[in-house]
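Participant: From first to last, the protein sequence lines stand for chains H and S. Each residue of the first sequence is one higher than the last, beginning at 1 in my numbering. Each residue of the second sequence is one higher than the last, beginning at 1 in my numbering.
There could be a bad hint or two in this list.
Repeated chains share a single entry, so a pair holds when one copy, or any two copies, can fit it.
[Said to hold, decoys possible] Below, a list of computed lysine to any residue pairs in the SDA-like style, where the Cα atoms sit at most 25 Å apart: (1) Lys21 <-> Gly169; (2) Lys21 <-> His49; (3) Lys21 <-> Ala157; (4) Lys23 <-> Ile208; (5) Lys212 <-> Met113.
Honestly, the hints are just simulated from the structure, not real lab data.
There are 2 protein chains.
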Amino acid sequence: MANPTAAMLVIGDEILSGRTKDKNVGFLAERLTEAAVDLKEVRIVSDDHAEIVAAVRALSARWDHVFTSGGIGPTHDDITADAIADAFDTPIDVREDARALMAMHYDRNGVEMNAARLRMARIPDGADLIDNPVSIAPGFTLRNVHVMAGVPAVFQAMVVSVVPTIKGGQPVISRTLRANRPEGEIAEPLGLVASQHPEVAIGSYPFILNGKFGSNLVFRCADEAALDRAVTAFQTAFPEAVEQ
Amino acid sequence: MANPTAAMLVIGDEILSGRTKDKNVGFLAERLTEAAVDLKEVRIVSDDHAEIVAAVRALSARWDHVFTSGGIGPTHDDITADAIADAFDTPIDVREDARALMAMHYDRNGVEMNAARLRMARIPDGADLIDNPVSIAPGFTLRNVHVMAGVPAVFQAMVVSVVPTIKGGQPVISRTLRANRPEGEIAEPLGLVASQHPEVAIGSYPFILNGKFGSNLVFRCADEAALDRAVTAFQTAFPEAVEQ
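Throw the hints in and build the complete structure from the sequences for me.
Facilitator: This is the structure:
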């Protein structure tokens with residue numbers, strides 16, 4: 001059976017302007033790969049209501065899960081929760097359990113629960129809260145969309161609590177060979193191995209090290225015996241390729 | 001007049017699996033911001049012909065420019081050039097000037113021009129070549145789509161040669177204030193400043209430093225006087241916010 005699929009939607013003008021470098025895509029990608037969920041698409045859109053609504057609708061209709069990052073804080077440019085609600089024509093309002101969680105945390109820390117912070121307790125009807133051990137204001141899951149914060153420490157904590165609740169597929173095993181040769185020298189035999197082992201996904205990823213091109217060859221398959229056969233076939237052609 | 005718009009399309013299973021962390025989005029985003037071109041959307045898709053074709057069509061129809069990264073090497077999984085050609089129903093074949101460039105470079109370096117390397121000279125009809133000073137095999141521009149390599153050193157060299165050929169808009173000036181306070185404490189006055197200065201785009205970007213939340217407030221506007229008015233209005237409310 002095929003693995004469940006996922007997409008990620010990053011909401012962030014600051015990423016599109018280059019001011020902030022995204023760290024969340026790579027983190028989520030690693031966790032999903034471990035959980036045997038196939039991340040199929042990522043989109044980064046601006047802090048714009050219509051853009052977020054359109055992207056959420058497109059991605060949630062197509063893939064099994066959607067993970068969003070960013071735009072759920074207390075400031076005027078935090079518009080994600082409302083956009084998610086609109087994407088599913090769902091009402092949104094302050095939710096008592098979310099408000100209570102935050103009020104308790106703020107009380108303990110001598111922080112004021114003001115109107116801006118109260119916005120973070122606005123949750124679309126029917127959503128499940130996502131735990132935020134870092135700064136308490138929760139994320140939420142509405143249908144197949146998991147809505148999380150953009151600050152990497154908070155995003156990561158939320159991902160760690162959400163991903164284990166998702167039913168993964170069959171873990172893919174991967175083996176990586178490193179050839180200190182440019183792709184141009186290995187492309188033909190590699191293509192032959194790929195065509196003779198269609199059940200194994202083979203990717204070639206060039207790198208530059210000390211001014212010289214080399215290639216990392218990643219073999220991926222759920223069936224270990226098939227994987228070994230493809231790796232062996234390539235190593236027969238290129239005995240100097242070293243397993244990483 | 002509004003700035004020209006752009007999108008980026010990253011083609012890469014290795015990014016979606018988390019194996020490789022993307023560095024190209026941030027680099028392109030910075031160069032476009034400097035050139036007063038607004039990056040509006042980024043998509044990352046898998047090494048799949050139909051996915052690439054669909055994304056190129058959607059993005060090129062919507063935005064003034066599209067920049068792609070990845071999938072133009074010599075191996076079997078390098079399918080971007082053919083997908084771009086198909087996206088515009090354009091024939092593609094080995095192009096003599098691209099082949100000659102590569103042959104000369106390979107000759108000089110004692111490298112064999114084999115069938116795999118020759119694939120990198122396949123260029124859709126009517127495209128302009130993009131210079132690749134790092135490893136010579138060129139990128140290309142077809143209509144409004146700029147097709148570049150995924151290896152960061154090569155991608156960066158190609159971006160540096162393409163972006164100056166694009167007519168930018170009016171550079172946006174930005175000023176950043178840093179407040180060592182969580183967003184929840186500044187959200188209300190900041191929202192007021194934002195609503196009173198609609199011509200200034202104000203973003204709030206939380207961070208965690210030494211376990212404490214702080215906020216970077218980025219004010220952006222093409223009109224310096226308007227920008228100064230908004231910054232001054234916020235500094236009046238929060239005199240301890242420090243310009244970065």
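Participant: For each hint given before, does the structure comply? Return the numbers of the non-compliant ones in rising order.
Facilitator: none
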